[in-house]
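S.K.: Given next are the chains, with one letter for each unit.
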Amino acid sequence: MLVPVRCFSCGAVIGDKYEEFKRRVEENEDPKEVLDSLGVTRYCCRRMLLSHRDFIDDVIKLEEKGP
Amino acid sequence: MEVRIFEGEGNRAKILLENANPSYANALRRAILSEVPTLAIEDVIIYENSSSLYDEILAHRLGLVPIRTDLKRFNFRDSCVCGGAGCPSCTLTLTLEEEGPKVVYSHDLKSPDPELTPVEGIPIVKLGKGQRLRLEAEAVLGKGKEHAKWQPAVVGYKYYPVIEVNDKCTACGECVAACPRDILAIEENKVVVKDIEACTLCRACAQACEEEAINVKGDPTRFIFTIESNGSLPAVEIFREACREISKKAEKMVSLL
Chain A
1 MLVPVRCFSC GAVIGDKYEE FKRRVEENED PKEVLDSLGV TRYCCRRMLL SHRDFIDDVI
61 KLEEKGP
Chain B
1 MEVRIFEGEG NRAKILLENA NPSYANALRR AILSEVPTLA IEDVIIYENS SSLYDEILAH
61 RLGLVPIRTD LKRFNFRDSC VCGGAGCPSC TLTLTLEEEG PKVVYSHDLK SPDPELTPVE
121 GIPIVKLGKG QRLRLEAEAV LGKGKEHAKW QPAVVGYKYY PVIEVNDKCT ACGECVAACP
181 RDILAIEENK VVVKDIEACT LCRACAQACE EEAINVKGDP TRFIFTIESN GSLPAVEIFR
241 EACREISKKA EKMVSLL
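Protein sequences appear in the order of chains A and B. Per our numbering, the first sequence starts with residue 1, numbered consecutively. Per our numbering, the second sequence starts with residue 1, numbered consecutively.
Hints are computed from structural coordinates only; laboratory data are not their basis. A virtual CB, placed ideally from N, CA and C, is assigned to each residue, including glycine. A portion of the hints provided could be inaccurate.
[Claimed, not checked] Not close to chain B: a few residues of chain A, all C-beta gaps over 12 Å, as computed:
| # | residue |
| --- | --- |
| 1 | E19 |
| 2 | R24 |
| 3 | E29 |
| 4 | P31 |
| 5 | V34 |
| 6 | S51 |
[As the list claims (entries may be wrong)] Where chain B lies over chain A, by a calculated footprint (3+ residues, C-beta under 8 Å):
| # | stretch |
| --- | --- |
| 7 | 1 to 12 |
| 8 | 55 to 62 |
Produce the complete structure using the sequences and hints provided.
M.R.: In structure tokens form, the structure reads like this:
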């Protein structure tokens, strides 16, 4: 749904890094370089960002009120 | 036991422990994880939630948000002067009132104290048009041994690396190429170590060497600690507080004996 607040394995906060990660990867930057520059060094935290898929927008469409 | 702080700025610290032993080092690591108190949201009162997340998922996400803590000013709830009822010296009440469309972030939680604020930039929930959120969250002091949300940092240590090169070395350069951290080099027909502290003791150089001329060992009396705070307390402060907690425990042990 939304990016997890913390890494499942080590407990480091990663939620605050996802938006920048996503934006920069969409600008065709190498995900490896982005993760390194964000200071996400452990592979447990790296997979949190690499494998995440946001789908809350799809759910909001079903619940949104109004026309 | 001597302590030297290499890097101690903000949320990251690298600390060298000398004249120690593995049990001291591990006691410190465990004290950092489970004995250093921090603030975290424990109770959430939800007045209105028409977002796409269930109340309990919302509360869970809020609980994991680190909150900047001042240990001098804050008491544990059960040992507070208010007797556990909840007063400003043991409970921090944060409020949140938002209406979509927008992304609600951790810094939208309003704190009555400008020094005790949530760490910024963590998305809590995304609200669509007309979706509303109104809640009150109570943050209290707690310890990592009770719940991981109170863990102040990610901490690890390693033995201080020692790389030995004996006279069988032919300066072939195999070890230099094998090192994943790129810390070896050949200078004047000799293998030299450029940055010993970056070594992870992986022994790739020893495996690559056909002459068995290079060996990597960990010194069990010296340890390099890496502390990565989640923002609730500065990394060096976490280390100091862990030391205080260990000495408190030791004193209690002596008084019991």
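S.K.: If a hint holds in the structure, say so; if it does not, say that too.
M.R.: Hints versus structure:
no.: 1; hint: E19; verdict: violated (7 Å)
no.: 2; hint: R24; verdict: holds (15 Å)
no.: 3; hint: E29; verdict: holds (19 Å)
no.: 4; hint: P31; verdict: holds (19 Å)
no.: 5; hint: V34; verdict: holds (16 Å)
no.: 6; hint: S51; verdict: holds (17 Å)
no.: 7; hint: 1 to 12; verdict: holds (count 8)
no.: 8; hint: 55 to 62; verdict: holds (count 5)
Checked against the numbered hints given earlier, this structure breaks only hint 1.
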